[in-house]
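Number of protein chains: 4
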Amino acid sequence: MNINKQNNWKEKLHEIIYEADTPAGKLFDIILLLLIITSIILVMLESVTSFANQHLEFLDTAEWIITILFTIEYIARVIVVNQPKKYIFSFYGIVDFLSTIPKYLSFFILGSHSLIALRALRLMRVFRILKLARFVGESNNLMKALRASRAKIAVFVFFVLIICIILGAIMYIVESGQDSGFTSIPRSVYWAIVTLTTVGYGDIAPATALGQLISSIIMIIGYGVIAIPTGIVSVEYAKSTSTEENTTKNIQEDIHLNTQTCSNCHETDHDDDANFCKTCGNNLH
Amino acid sequence: MNINKQNNWKEKLHEIIYEADTPAGKLFDIILLLLIITSIILVMLESVTSFANQHLEFLDTAEWIITILFTIEYIARVIVVNQPKKYIFSFYGIVDFLSTIPKYLSFFILGSHSLIALRALRLMRVFRILKLARFVGESNNLMKALRASRAKIAVFVFFVLIICIILGAIMYIVESGQDSGFTSIPRSVYWAIVTLTTVGYGDIAPATALGQLISSIIMIIGYGVIAIPTGIVSVEYAKSTSTEENTTKNIQEDIHLNTQTCSNCHETDHDDDANFCKTCGNNLH
Amino acid sequence: MNINKQNNWKEKLHEIIYEADTPAGKLFDIILLLLIITSIILVMLESVTSFANQHLEFLDTAEWIITILFTIEYIARVIVVNQPKKYIFSFYGIVDFLSTIPKYLSFFILGSHSLIALRALRLMRVFRILKLARFVGESNNLMKALRASRAKIAVFVFFVLIICIILGAIMYIVESGQDSGFTSIPRSVYWAIVTLTTVGYGDIAPATALGQLISSIIMIIGYGVIAIPTGIVSVEYAKSTSTEENTTKNIQEDIHLNTQTCSNCHETDHDDDANFCKTCGNNLH
Amino acid sequence: MNINKQNNWKEKLHEIIYEADTPAGKLFDIILLLLIITSIILVMLESVTSFANQHLEFLDTAEWIITILFTIEYIARVIVVNQPKKYIFSFYGIVDFLSTIPKYLSFFILGSHSLIALRALRLMRVFRILKLARFVGESNNLMKALRASRAKIAVFVFFVLIICIILGAIMYIVESGQDSGFTSIPRSVYWAIVTLTTVGYGDIAPATALGQLISSIIMIIGYGVIAIPTGIVSVEYAKSTSTEENTTKNIQEDIHLNTQTCSNCHETDHDDDANFCKTCGNNLH
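Residue numbers (our numbering), protein chains in the order written: chain S, 1 to 285; chain F, 286 to 570; chain L, 571 to 855; chain B, 856 to 1140.
Hints are computed from structural coordinates only; laboratory data are not their basis. Be aware that a few hints might be false.
Said to hold, decoys possible - Pairs of lysine-lysine, DSSO-like flavour, derived with a Cα cap of 27 Å:
#1 F:Lys295 x F:Lys311
#2 F:Lys429 x S:Lys239
#3 B:Lys1094 x L:Lys809
#4 L:Lys809 x B:Lys999
#5 B:Lys958 x B:Lys999
#6 B:Lys940 x B:Lys865
#7 L:Lys809 x S:Lys144
#8 S:Lys26 x S:Lys12
#9 L:Lys656 x S:Lys239
#10 L:Lys582 x L:Lys673
#11 B:Lys999 x S:Lys144
#12 B:Lys999 x L:Lys714
#13 F:Lys429 x S:Lys144
#14 B:Lys958 x B:Lys940
#15 B:Lys1094 x S:Lys144
#16 L:Lys673 x L:Lys656
#17 B:Lys865 x B:Lys881
#18 S:Lys144 x S:Lys85
#19 F:Lys311 x F:Lys371
#20 F:Lys429 x L:Lys673
#21 L:Lys809 x L:Lys714
#22 L:Lys714 x B:Lys1094
#23 L:Lys582 x F:Lys429
#24 F:Lys297 x F:Lys388
#25 B:Lys1094 x S:Lys239
#26 B:Lys1094 x B:Lys999
#27 F:Lys370 x F:Lys388
#28 S:Lys10 x S:Lys26
#29 B:Lys940 x S:Lys239
#30 B:Lys1094 x F:Lys429
#31 L:Lys673 x S:Lys239
On a predicted model such as this, the values are computed, not experimentally measured, just so you know.
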């Protein structure tokens, strides 16, 4: 009986923490979301040295409060689950743990500069919350399209990489002796990727005529090639939305657009925000 | 009878200023359009210091003439409408007001450098005029496609943002101690956005080997990912133009594009066969 | 009889120069193409000062030979046509004239630096030759798709421009006082275009935190927005290639592509079985 | 009888080296793949001067081992084939040879800096291995789409190139006398390509107002134009995946992908049920 009660209590807490169907569950998620955003803003501000130096104490206190709240949440998650081990070694379990400990670690490790990155991991939690909030439903077809085109895009990326390595090696030879940044093949490959993806920083740019000729060819190839992943995703996305099942769903949505009928002149084609009949001026309700 | 006459006079002016069905209304719109373009060119020239210093007087006079003309237009718009308050606090009412006052404000505020931005707001008015001029009809399917893909693109942008923040934090750690511009996490996030969108200024660029490796991965991901919004818009646009059902609907919508504006509540989105305003029941005449 | 003979001689030359159906006509086109390409390479080499200084005489002689050959071609074109005026003032007539005279002009104008640009105009002639060579058939559907989406892309470009001007004005205010290159609104607008189109030179880049925030927003908008013209062209292109009606029409068009040019009025768009010019009734023989 | 035995031994080795149907053949491919990747990593590391200076001996030894292994493989390939000449002068035969010899050449040529590029050619071999490993099946539709849109993209690239040359010549005139990098027409053409493809290094960027105006126009054109190859590939790809006829054809092709290689004439494109080479009639066993 006692165990049952405890289970009952656990179940309720489980519903609050892991689900978002009840008001309490929604509230929990919203508070957590705000906490994460606050935390991320604090991490950002802390990295701005001019700000951090002025508000050291404030940032320290705020980080402690957030760390303690996340600690409580982490412990609660562990207690509430039936199989704690499964949670602890799950992806989100590890994220939760890693994003909670940096402040504790700062006791032991001095110059804990790189601990900031761990704290930025907290942002990953947003995905969990949003998943619970069914927000992701919107991107369902998108995900389907991406999953369907995953293999093709992988092949494409693989080819692009090989091309970049070969081009990088060629440019390394062509631009050697110049002060244009092609100091090693890895750097040249980095340049080839920067160019083919049309990012084009300009930190490394060809200085010789031959180098510029080769670059031009690369760019024009890249220009033609950028079309490929777009084509793949477009087609897959079109497929995942165009099937008959979807078509009927779309029609239903078109139909569901309001059913208001004017009680005076029977006009039915009213906009959703209409208060008066557009034909006779009668009040629509 | 007198009131009726005045209303009649008001109605005519309303038709000229707010609608574009009559020759007078069209002429009014064209003059306004030219005035706005002239004004924008003046604003631009004024910001070019070498030009502004030479032609100070000319620019001052021209700006005064334009300000007075816009003032008259603004007053006319307020007088002509039945519910002036609704206009004044509408989006275009505020734009009209803000883009008219800068010259008057320059009396009180010295060094009115930032008042120029207010004057550039005048350009927003172009959208209103063009809507009246049925120009927008061309972009109707486009708008529909954008509206349909709005939610999906929002989700996409949201994911991209979270990825940029996490990548920014990682690059901040990786590139710390280097003189490559990653001085804070917000700056690193800015860099990640510059890179993922393939803009690539080069004001901040990785200097370490690890930083360049991570950048390369980001770029190749971005390259594959840029396909997604394109795919979404393409498919939505294809949907909004291809189906037969839509074609007939489009024709109806092309007809329904009219410039009637309710003189009472300012609602503009009326069907072509509407005799009464759908929001307030006012006769559209 | 004498006139008839002369006409006959003219007609044959017309066929060689303006058409590509006969072996002589094809040979003429190929020689012209090679001449143009040689000429363009010479123009390029001449602009490279280190090369030009070494090979002054060679470049001068080569340019004279090409100029004389183009002069002969120009005169032949004028003589052969029935209505020389129509040719002289046609688009290609003007291109032919302008790209021939620079060397003659260099007698009168010293420092004829900018005459080089005129010579680069010769490249425009390539389009005429390729049209005759049926090469363009390949890009037929493409052209149709571009023509169909022209208006939509114009609207799109127009919106983008207005957005760039407003953003430019805002960035001018935000970045004023900084040494980041936003010295005037036109320059800021130029920057906004460089950013939105994802070119991103980096010659002008925001230095303030607010400026970088606004830039980030612009880039993410631009990222979503770049999808629009792609979507438009894709859909229009799909339309112009997919429908059955089009397929048969395409076949007809492939047949109808011929290089007959009316010697009287210069109309080139004749059907394959046409014996008389559809514009002026002249015998096409 | 002896010849038969030798043939049998040759045939088995042929199966291991050229095909991937047997466990031994698969193992051979995997080892070769690892060897190539190791080799490429070594080439990269060797080009990083700071690393190469520290680990000279290690890199030298490793390169010798790899070179010897590749030499053995090359000799085995030559011996095993019935017509060695055909292999030696085939594409992969030349790649194999060129990527094996650099280390031997380093005896004769001092400062063999550019020999590194030859070694990077080894990466090309990856394509051969992956083809055998049926990996390429994934990119089958992609290849079909690319082949179908090849001619159209070539026309497009050709037009873009002509536009770039004309724009380059114009910008050379406009920006002459400025210190903005437009020192010759080839360099200006290079800039035009960098701009139109939205790479935008910023090593060359317009400094005059007119130059920036022209650049802006180029960019906006490029923005609209980038849609074209994407549209082409999307449509062709959609075609190659959507039609029912294609679907069944695809299935057949998936089946037909096999790694049998004729030991006589090197033909690889055999149907699955083929017992004899379709080119030379040799038994495929």
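Cross-check of the supplied hints:
Restraint check for Lys295 of chain F and Lys311 of chain F: the C-alpha separation of about 18 Å stays at or below 27 Å, so the hint holds. Annotation: proposed proximity of Lys429 of chain F to Lys239 of chain S holds, straight-line Cα distance about 20 Å (limit 27 Å). With a CA separation close to 12 Å, the supplied pair Lys1094 of chain B and Lys809 of chain L stays within the 27 Å bound. Straight-line distance between C-alpha atoms of Lys809 of chain L and Lys999 of chain B comes to about 20 Å, which keeps the hinted pair within the 27 Å bound.
At roughly 39 Å between alpha-carbon atoms, Lys958 of chain B and Lys999 of chain B are farther apart than 27 Å, so this suggested pair is violated. Taking the CA atoms of Lys940 of chain B and Lys865 of chain B, the gap is about 17 Å. The hint holds against a cut of 27 Å. Taking the CA atoms of Lys809 of chain L and Lys144 of chain S, the gap is near 26 Å; set against the 27 Å cutoff, the hint holds. In summary, the hint linking Lys26 of chain S to Lys12 of chain S is supported, as the alpha carbons are separated by about 13 Å, within the 27 Å threshold.
Simply put, Lys656 of chain L and Lys239 of chain S have alpha-carbon atoms about 53 Å apart, too far for the 27 Å limit, and the pair is violated. Under the criterion of a C-alpha separation no larger than 27 Å, the hint pairing Lys582 of chain L with Lys673 of chain L is inconsistent with the structure, at around 30 Å. Restraint check for Lys999 of chain B and Lys144 of chain S: satisfied, since their Cα atoms lie roughly 23 Å apart, inside the 27 Å limit. With a CA separation close to 23 Å, the supplied pair Lys999 of chain B and Lys714 of chain L stays within the 27 Å bound.
For a cut-off of 27 Å, the pair hint linking Lys429 of chain F to Lys144 of chain S stands: about 23 Å separates their Cα positions. Proposed proximity of Lys958 of chain B and Lys940 of chain B is supported: the alpha carbons are some 24 Å apart, at most 27 Å. Restraint check for Lys1094 of chain B and Lys144 of chain S: satisfied, since their Cα atoms lie roughly 20 Å apart, inside the 27 Å limit. This hinted pair checks out: Lys673 of chain L and Lys656 of chain L have alpha carbons roughly 25 Å apart, not beyond 27 Å.
For a cut-off of 27 Å, the pair hint linking Lys865 of chain B to Lys881 of chain B stands: about 18 Å separates their Cα positions. Distance check on the hinted pair: Lys144 of chain S and Lys85 of chain S sit about 31 Å apart at the alpha-carbon level, beyond 27 Å; violated. Distance hint between Lys311 of chain F and Lys371 of chain F is fulfilled; the C-alpha atoms sit about 24 Å from each other, no more than 27 Å. Taking the CA atoms of Lys429 of chain F and Lys673 of chain L, the gap is near 56 Å; set against the 27 Å cutoff, the hint is violated.
Restraint check for Lys809 of chain L and Lys714 of chain L: the C-alpha separation of about 10 Å stays at or below 27 Å, so the hint holds. At most 27 Å may separate the alpha-carbon atoms for a hinted pair to count; Lys714 of chain L and Lys1094 of chain B meet this at roughly 18 Å. Using a Cα cut-off of 27 Å, the hinted pair Lys582 of chain L and Lys429 of chain F is violated, with the two alpha carbons roughly 57 Å apart. Pair hint Lys297 of chain F plus Lys388 of chain F does not hold up; C-alpha atoms about 30 Å apart against a cutoff of 27 Å.
Between Lys1094 of chain B and Lys239 of chain S, the direct Cα distance comes to roughly 12 Å. Compliance with the 27 Å bound is thereby established for this hinted pair. This hinted pair checks out: Lys1094 of chain B and Lys999 of chain B have alpha carbons roughly 10 Å apart, not beyond 27 Å. With a C-alpha separation of about 24 Å, the suggested pair Lys370 of chain F and Lys388 of chain F falls inside the 27 Å cut-off, and the hint holds. A threshold of 27 Å between alpha carbons decides the hint, and for Lys10 of chain S with Lys26 of chain S the separation of about 17 Å falls inside it, so the pair holds.
For the suggested pair Lys940 of chain B and Lys239 of chain S, the alpha carbons sit about 48 Å apart, so the restraint of at most 27 Å is broken. In summary, the hint linking Lys1094 of chain B to Lys429 of chain F is supported, as the alpha carbons are separated by about 26 Å, within the 27 Å threshold. Between Lys673 of chain L and Lys239 of chain S the alpha-carbon distance is near 60 Å, which puts this suggested pair outside the 27 Å criterion.
Figure legend: structure checked against the earlier numbered hints; hints not met, in rising order: 5, 9, 10, 18, 20, 23, 24, 29, 31.
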